[in-house]
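Engineer: Each chain is listed here by its residues.
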Amino acid sequence: MTEDLMVDPEVLREQVRDKYREVAAEPERTFHFHTGRPLAARLGYETAAVDALPDRAVESFAGVGNPFSLRRLMPAERVVDVGSGAGFDSFIAAGQVGPTGQVIGVDMTIEMLEKSRETASGLGSDHVSFVDGFAEELPVDDGWADAVISNGVINLCADKRAVFDEIHRVLKPGGVLQFADIANGRPVPPEALRDIDLWTG
Amino acid sequence: MIEDSGFTDVHIGEAVDTFGGAQGEPQARSFEVYGYAFIARRASE
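Chains as they are written, first to last, in the numbering used here: chain A, 1 to 201; chain B, 1001 to 1045.
In isolation and in its complexed conformation, chain A is listed as follows (with noise of 0.2 Å):
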C-alpha cells in the first residue's frame, strides 16, 4: 500500500466484491442506493433502451449517474466499460455502438461477470464480452478502445490516479473517456476517508 493511499486496495476490494456480490444475487434487497429500472429511469437513461432488456440485464444496476448523457456511443465504436457489474450500461453500450460495434465490460466480482455472461447469451449479443480484471489492470491491449464507459465504479478503488492512467492506456489516440460517479460538496474528514466502511456504505 503506497503512503498516499487512504485505504488498503485489497482490502477495499474485498468489500467492494461482498457488497456487490449481495446485489448480484438478491437485487430485490434494499441497499444504501436505488438499483435497477427505477434507478435508471432516475439517472434519466433512454426508456425505449432500457425498456428493451431483459429484467436479469436491469435488476442489479447500482449506477450513480449517466455515462451516456453528455456523449451518445457512435455505431462501430470499440467500447470498454470499466466495472460492468451485471452488464447494464454494457448492453445499453451494445445498443449504441450496433452489431459493428464491440463492447468488452470488466468486472473482479465473479457473481456479477456470471451473470453478465448469462444475459448476453440469452441476448444473442456476440458482440459484448465480460472479462474478469481490475480497474487498474484492464485485460485490453492498448489503444483498442474508442471510448471507455464506467458508472459509479472509480470512486470505489483506491488509487484513481492509477485507474486513469489505465483508461488512457487502453484508449486509443484522442478516444473518450465517459464516465459517472459520485462527488462531494463538503469536504470529507480525514479519518473518515480512512474508515473503510464508508466506501462502501
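FYI, nobody ran anything at the bench for these hints, they're computed from the structure.
Certain hints may be false.
Said to hold, decoys possible - Partial selection, computed: residues in chain B whose CB lies under 7 Å from chain A: (1) Ile1002; (2) Thr1008; (3) Gly1013; (4) Val1016; (5) Gln1023; (6) Pro1026; (7) Arg1029; (8) Phe1031; (9) Val1033; (10) Gly1035; (11) Ala1037; (12) Ile1039; (13) Arg1041; (14) Ser1044; (15) Glu1045.
Keep in mind it's a predicted model, so treat the numbers as computed, not measured.
A virtual CB, placed ideally from N, CA and C, is assigned to each residue, including glycine.
Take the given structure of chain A and dock chain B to it, following the hints.
Structural biologist: Same frame as chain A, now just chain B:
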C-alpha cells in the same frame, strides 16, 4: 487528476440526486454527495 493522466477537454454534467429517497440519503446529504457525468478525451498524438 483526470488531466494529470493525459486527458484534455474535461467537462462535467449537471448534478443528479443519486441517493434521494434511498437509505444512504442522510449520509449523502451530510457531505453534499451527488452523481455527475464526466467526459474527457485522450489527447491525439
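Engineer: Hint by hint, say whether it matches the structure.
Structural biologist: So, going through the hints one by one against the coordinates:
no., hint, verdict
1, Ile1002, "holds, 6 Å"
2, Thr1008, "violated, 10 Å"
3, Gly1013, "holds, 5 Å"
4, Val1016, "holds, 5 Å"
5, Gln1023, "holds, 4 Å"
6, Pro1026, "violated, 10 Å"
7, Arg1029, "violated, 9 Å"
8, Phe1031, "holds, 4 Å"
9, Val1033, "holds, 5 Å"
10, Gly1035, "holds, 4 Å"
11, Ala1037, "holds, 5 Å"
12, Ile1039, "holds, 4 Å"
13, Arg1041, "holds, 6 Å"
14, Ser1044, "holds, 4 Å"
15, Glu1045, "holds, 4 Å"
Violated hints for the displayed structure, listed by number in ascending order: 2, 6 and 7.
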